[in-house]
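Student: Given next are the chains, with one letter for each unit.
Protein chains: 2
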Amino acid sequence: MDVFDAVRTVLAVRAYQDKAVPREIIHRIVEAGRLTGSSMNGQPWHFIVVEKRETLRQLGGLARSGPYTADAAFAVVVATEPSRFAVSDGSRAIQSMMLVAWAEGIGSNWVGFQGMDEVKRLLNIPDSFDVLAIVPFGYPARKVGRGRKKRKSLVQVAHRERFGQPLGEG
Amino acid sequence: MDVFDAVRTVLAVRAYQDKAVPREIIHRIVEAGRLTGSSMNGQPWHFIVVEKRETLRQLGGLARSGPYTADAAFAVVVATEPSRFAVSDGSRAIQSMMLVAWAEGIGSNWVGFQGMDEVKRLLNIPDSFDVLAIVPFGYPARKVGRGRKKRKSLVQVAHRERFGQPLGEG
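Top to bottom, those sequences are chains A and B. The opening residue of the first sequence carries number 1 in this note's numbering; numbering runs sequentially from there. The opening residue of the second sequence carries number 1 in this note's numbering; numbering runs sequentially from there.
Pulled out of the complex, with its shape left as it was, chain A reads as follows (with noise of 0.2 Å):
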């Protein structure tokens, strides 16, 4: 899929079949978190692929915003260590594994954001670190995908030269 189609389509994916994902694709897409630009190259970021249905209905349990996570055929869940740069980097990998699997046909959705520390003593995350997201995934229930968005329209976001000026214009 090009990259374009899958940035304008992607959408989030709150429902899943029961059907697994391959796990070759499964590696693609933490590949794709791995090998995403960082602030200075620090990288601090740790993925935890979660495939076990037992610890996907716990984390769902945990997660008050992400019930159906029970439901996905896999989570990754996004730990950093500790970093200024921790929040805006470890959101650029998932940026990143969400469009790769979007262009495999799995939906996802970011669920939750930072502190979750009963995540961390479930997942035997280190103490000093962040779990920045749980990040659901799986082949969607429904037909999804070239749904329209609702986001801002492009004058209320984009500007020309300076704060204030139209984009279409000049």
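If you're looking for bench data, these hints aren't it; they were derived computationally from the structure. Ideal Cβ positions, reconstructed from N, Cα and C, are used throughout, including at glycine. Treat the hints with caution; some may be incorrect.
What the hints assert, rightly or not - List of simulated lysine-lysine pairs, DSBU-like, C-alpha gap at most 30 Å:
#1 B/Lys150 / A/Lys120
#2 A/Lys19 / A/Lys150
#3 A/Lys152 / B/Lys120
#4 B/Lys150 / A/Lys152
#5 B/Lys52 / B/Lys120
#6 A/Lys52 / B/Lys120
As the list claims (entries may be wrong) - Quick list of the computed label-pair ranges, beta carbon to beta carbon:
#7 A/Ala20 / B/Asp2: 18 to 26 Å
#8 B/Val155 / A/Asn41: 28 to 36 Å
#9 B/Asp117 / A/Arg53: 49 to 57 Å
Let chain A serve as the given structure and place chain B on it in line with the hints.
Tutor: Relative to chain A, chain B alone:
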């Protein structure tokens, strides 16, 4: 370009050809930022597209780590409204823009990280906003693209089921 190939091959580019980027491609890159997913769909971002050489020079002068911004075909200054998710959301949008640009043969790099109050004054960005990054874009001055990346190995950053168990096993 395939999404994984873009993630796999994209490199930081800090030297640019003296060659304009067609306006429709600039638009497509900004669209990639605008269409990116964000926490609670907050979209706390603004994209200021700078093409004027004099302003690019001024940005290059203000950005200690990115004087080469002066030579870019254009730059996107990413400013965020106050939000707990500003750094995360803005970073995801920048990742989308850099990947879409790369698929068009255009290199870029992340310059600066938050603060940069002089950039706010230069571009008339509201004081309550934060300048997350300056992202200069342009056709690479030297052939790049399939270069090897310096990244931690998979075993250093990827784990299976629990932190510390290698992904390669089991």
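Student: All hints are to be evaluated individually against the structure, with a verdict given for each.
Tutor: Hints, verified against the model:
The suggested pairing of B/Lys150 with A/Lys120 holds, with an alpha-carbon distance near 28 Å, which does not exceed 30 Å. Proximity of A/Lys19 to A/Lys150 is assessed by CA-CA distance (about 29 Å); at most 30 Å being required, the pair is judged to hold. At most 30 Å may separate the alpha-carbon atoms for a hinted pair to count; A/Lys152 and B/Lys120 meet this at roughly 22 Å. A C-alpha spacing of about 37 Å is found between B/Lys150 and A/Lys152, which places the hinted pair above 30 Å, so the restraint is violated.
At most 30 Å may separate the alpha-carbon atoms for a hinted pair to count; B/Lys52 and B/Lys120 meet this at roughly 17 Å. Of the pairs offered as hints, the one joining A/Lys52 and B/Lys120 is violated, with about 48 Å between alpha carbons and a cut-off of 30 Å exceeded. A C-beta distance of roughly 23 Å is found between A/Ala20 and B/Asp2, which places it inside the suggested range of 18 to 26 Å. The supplied range of 28 to 36 Å is broken by B/Val155 and A/Asn41, whose beta-carbon atoms lie about 18 Å from each other.
For B/Asp117 and A/Arg53, the Cβ-Cβ distance of about 50 Å falls inside the hinted range of 49 to 57 Å, so the restraint holds.
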